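Protein chains: 4
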Amino acid sequence: MTDQQPPQYGYTRLRRIEGQVRGVARMVDEDTYCIDILTQISAANRALQAVAVGLLEQHLGHCVVEAAQKGGNEANAKVKEASDAIARLVRS
Amino acid sequence: MTDQQPPQYGYTRLRRIEGQVRGVARMVDEDTYCIDILTQISAANRALQAVAVGLLEQHLGHCVVEAAQKGGNEANAKVKEASDAIARLVRS
Amino acid sequence: MTDQQPPQYGYTRLRRIEGQVRGVARMVDEDTYCIDILTQISAANRALQAVAVGLLEQHLGHCVVEAAQKGGNEANAKVKEASDAIARLVRS
Amino acid sequence: MTDQQPPQYGYTRLRRIEGQVRGVARMVDEDTYCIDILTQISAANRALQAVAVGLLEQHLGHCVVEAAQKGGNEANAKVKEASDAIARLVRS
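Residue numbers (this note's numbering), protein chains in the order written: chain G, 1 to 92; chain Z, 1 to 92; chain F, 1 to 92; chain Y, 1 to 92.
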């Protein structure tokens, strides 16, 4: 009897990463050994990138595929936009 | 008349990144356009990496330099440990 | 009166990166200062990633768009394959 | 009866990566399937980063440790220089 939607793709993982980053801040505040903090930052980075790749897969599978099916310049524009986002992600 | 310490290096920036990641989760929840979400994830990644490099600089400047001054195997061990952390960071 | 094809996308840039990497090996051989070598390796990495993103854009614009226009499971398979390649690139 | 030196750290691996990049150019020239080319570019990137981390470890273990033992501002300058190189590497 509820109309609650399931959470969008990535939402739960992002909330978990938010908690991870809060945990890293706490480690810094408690003067944890630097190398252990760096390990946690690397883990948070990898988790963020995994969400990004998952979102990108969804985007390609929906927006880009739909634009391709409509044909015309829309598909090229979507491909260019996605490639620019991939470039930013690869450099980050 | 307070003995409050200034926050440790990176604490304030990490709390800000925590807020950034919460903002990304909200964007997902509100069904924001995927490419805009990816831009924010790239920004959070770059911010995390900047904190990591700053922490590493502190670590090299304190722990590694002190170990080098004591001499012996301690310096080698610290250099190896730091290099492994750098490798994880570069791959993440 | 020649049937020579223009080189494929990325070929010229890859040959230039090959030369860059050979230059880095020479720097190592000539005992160049380590930090200067690292700067050149970072540049070669960025150049390789730029070629990769360009190739990916071409791939999305041709293979993925064509698969989408044919419809069916082919498009999903191509999107999954491209996303896996992006994940490898982001982690590398 | 030869005074040949052993090759410097990283030289052999860099020559191998040079060959890898030449192989990628050949794949492009022969119109290999794009995703297979991307896999090879990711592998070359990871190999370059591994050499970079190895060179950095050597640099920290020699230049930075020696500067630390001499004391004074030299150590700080070396740590700053190494951190800047790490930052470029992490972003590349």
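Because the hints were derived from the structure by calculation, they are not lab data. What you are looking at is a predicted structure, and each value in this text was computed from that prediction instead of being measured. Treat the hints loosely; a few may be bogus.
As the list claims (entries may be wrong) - Sample of chain F residues at the chain Y side, in silico, Cβ under 10 Å:
1. T12
2. V24
3. Y33
4. C34
5. L38
6. I41
7. L56
8. C63
9. A67
10. Q69
11. K70
12. G71
13. N73
As the list claims (entries may be wrong) - Here are some chain G residues the structure puts well away from chain F; computed CB gaps all over 12 Å:
14. R26
15. I35
16. A87
17. R88
Glycine residues also receive a C-beta, built at the ideal position from the N, C-alpha and C atoms.
Going through the hints against the structure:
| no. | hint | verdict |
| --- | --- | --- |
| 1 | T12 | 9 Å, holds |
| 2 | V24 | 6 Å, holds |
| 3 | Y33 | 9 Å, holds |
| 4 | C34 | 4 Å, holds |
| 5 | L38 | 5 Å, holds |
| 6 | I41 | 5 Å, holds |
| 7 | L56 | 6 Å, holds |
| 8 | C63 | 7 Å, holds |
| 9 | A67 | 13 Å, violated |
| 10 | Q69 | 18 Å, violated |
| 11 | K70 | 17 Å, violated |
| 12 | G71 | 21 Å, violated |
| 13 | N73 | 17 Å, violated |
| 14 | R26 | 27 Å, holds |
| 15 | I35 | 21 Å, holds |
| 16 | A87 | 5 Å, violated |
| 17 | R88 | 10 Å, violated |
This entry does not satisfy hints 9, 10, 11, 12, 13, 16 and 17, going by the numbered hints stated previously.
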